[in-house]
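Undergrad: Could you build all of it, start to finish, from the sequences and the hints given here?
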Amino acid sequence: MAAAAFERRVLRRAAEHHYLRVRLELPDGGARPNAAQFKQLVVTALRELHGEVGAALPVDVLTYEEKTLSAILRVISSGLVKLWSALTLLGFYQNRRCAFRVLQEIRFPAPLYVGEEVTAAAEVKRLKGSVAHISVSCQVRESGKTVMEGMVKVMVPES
Amino acid sequence: MVRFKNRYVLCEVVSEDPRCRQCIEDRALGLAVRDAIARVHGDYGLACCSISFTVKYLNAYTGTVLLRCRKDSYRLLCSALPFVRYLESRAQRYPCFLNTLHVGGTIRTCQKFLIQYNRTQLLRLLQNCTNEEERQCIQKSLLSCSLTEEQSQSGDEEEDDDTETD
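Residue numbers (UniProt numbering), protein chains in the order written: chain A, 1 to 159; chain B, 1 to 166.
Just so you know, these hints were derived from the structure itself, not from any lab. Computed from a predicted model, the values in this text were never measured in an experiment.
Residues on chain A that point at chain B, a partial pick, calculated with CB under 10 Å: (1) 49; (2) 51; (3) 53; (4) 85.
Within a straight-line C-alpha distance of at most 20 Å, the following computed EDC-like cross-link-like pairs (lysine to aspartate or glutamate) qualify: (5) A:82 with B:72; (6) A:82 with A:52; (7) A:153 with A:65; (8) A:82 with B:43; (9) A:145 with A:117; (10) A:82 with A:16.
The beta carbon of each residue, even a glycine, is placed where N, CA and C say it ideally should be.
TA: Quick look at the structure:
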């Protein structure tokens, strides 16, 4: 397995909001949080690491599925680092071990209008074990402007 | 040139309670400021600001405090200072607040500012005197202020100790 250096660049000024698809893992089982408790958990994580200023960061839970414990979070670009670091360092939910896995990170730098032709591209940036990091982007063919870019993590079967 | 740059924040402790002045000490103040940073900026902010954080100078008579922190985190410190609401010492809480007067890169610039500030404060106190007696008192203490031989050698002088007009 090649031990290449891994570099991830996130251009924060290009877009207003960043979207994260996350999954909460509760290895010890137990009661699952509902949508309000999930939001409370995210805000608590921010408060522990970044204080009252972090807890006041405008984070929205756009979708939440209680069965799979996965959600799509939206945060303004200047708060992405704070949110991601807070989610990474959260360890406990109601005295049970928990962990946040960030599956996708997407941003939309430019608006897209009806009638424009879009080319989607995906490139595998890194393959480690059974997890692949894929960088995705959508570009309008005529003007070349990028309307969507991001990083997606997927599991690949061992083969 | 590579060195660690610090920022020195000059503040003034303002309190309505006259007993608060006696309990202003560097450890209590340091703890109060760190507690405020932890509340406002969390674990990350506390760790950032604590790297080179000390209370460098403290004057209980005038309530002047000089705090030091790293240049990278002085904004976190300054934004947390308004959240210090009380000083705690010997199991007693005294409500107070901190006024930020000046942020400087060295102790010397802060001292220069403090001398200038104290001059203007003395003049203002003189103007705000309601009582003729107090006015005479202040004028007398100002005129009798002088540097003696031992003090001038220590090199750390500012006009100080105006009579308290509480």
